[in-house]
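Reading the sequence shown from the start, the letters are residues 42 to 403 in my numbering.
Among the hints, a few may not be true.
Derived EDC-like pairs: lysine to aspartate or glutamate, alpha-carbon spacing no greater than 20 Å straight-line [said to hold, decoys possible]:
| # | residue 1 | residue 2 |
| --- | --- | --- |
| 1 | 355 | 280 |
| 2 | 314 | 303 |
| 3 | 355 | 342 |
| 4 | 355 | 390 |
| 5 | 314 | 390 |
| 6 | 355 | 328 |
| 7 | 314 | 342 |
| 8 | 355 | 313 |
| 9 | 314 | 229 |
| 10 | 355 | 288 |
| 11 | 314 | 288 |
Pairwise CB distance ranges (calculated) [to be verified]:
| # | residue 1 | residue 2 | range |
| --- | --- | --- | --- |
| 12 | 402 | 307 | 14 to 22 Å |
| 13 | 390 | 98 | 35 to 43 Å |
| 14 | 187 | 352 | 55 to 63 Å |
Hint data in this document are derived by calculation from the structure and do not stem from the laboratory. No residue lacks a Cβ here, since even glycine has one placed at the ideal position from N, Cα and C.
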Amino acid sequence: MSPVRTLAVISAAAIALAACGSDDVASNADATSGGSSTETTNSPGSTDATTGSDGQWTPITIETALGTAIIEEKPERVATVNWANHEVPLALGVVPVGMAAANFGDDDGDGVLPWVTERLEELGADVPVLFDETDGIDFEAVADTNPDVILAAYSGLTQEDFDTLSEIAPVVAYPVAAWATPWREIIELNSEAMGMADEGDALIADLEQQIADAVAEYPQIQGMQVMFAGHLDPTDLSEVGFYTSNDTRVQFFEDLGMEIADVVAEASAGSDKFSMAQSTEQIQVFDDVDIIVGYGDETGELLATLQADPLASKIPALQRGSVVFFSGSTPLATAANPTPLSLSFVLADYVAMLADAADRVG
């Protein structure tokens, strides 16, 4: 059984327990694609933080960085915008009426990442309406899906975006800053907005157990100092860029029992930036980095170029080859930024690659 299928079974069980005692079923009917619908076990009669024993819905108020979302009635039609927010309802058995088309890591060009395709197949559901966000939020397309709530806990919404979307339905934006919501909070906020906070907690617990099981197989990665270098440009090695501790890709290292490299932690302190760069003239600041993760290729060509550079080659991690380089915009590269469904899909491969890099540290 695949990790995603295991997640689906556990999530479905949690939902079923919460919905026990009711035969009512919520249906997400796609108003713009022929009226197809998918049944879920998110029952109006379930008892949780938003539904009392008498089955009455208690309005939910969620404060966000851009404004307040008040969900007055139980959402039956859930829309999502921006990256990965649709993965929360899908993981909990709810098919959104609309979601953002994938614009990175989409290896077959259908606008849906592989772990999302797999989950839709498990649910026996058609692909929801896909919002083309190439030039920003498609407000008209979102409105056409007639949503009861719009999930965007992990997003880059502007205040104007939030205000415009709020005219369509309550919007759950990010709690602190754009693109800075960790995967646990993505689940917590989006599931709460659907009235499925308990199911969201169960999903988090399951993912945490999957992480613990995966890292237990590779004790050599524990305590390793890691830096996520981002996109290294072999034509310009005058500086080395890296993601800061504010970035969820970097934060995920701590979930794996690794440590954010001191140089990254120190540079991030007191800063709200998501990326920085260091001149290779001060290349010694990277001496204590055990493993470097970045975007590049899996052929070894980028590493060879870096090892041949008179300055970049002085970084011990590059000298040893203790690196994990993702190829282009592949699904694996995309999933280095953990999300509710991608985490299960690539966890074993990612941890194994980190362990291979750790073996080179010596």
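Q: State the violated hints by number, sorted upward, taking the hints as numbered earlier in the document.
A: Numbers 4, 5, 7, 8, 9, 10, in rising order.
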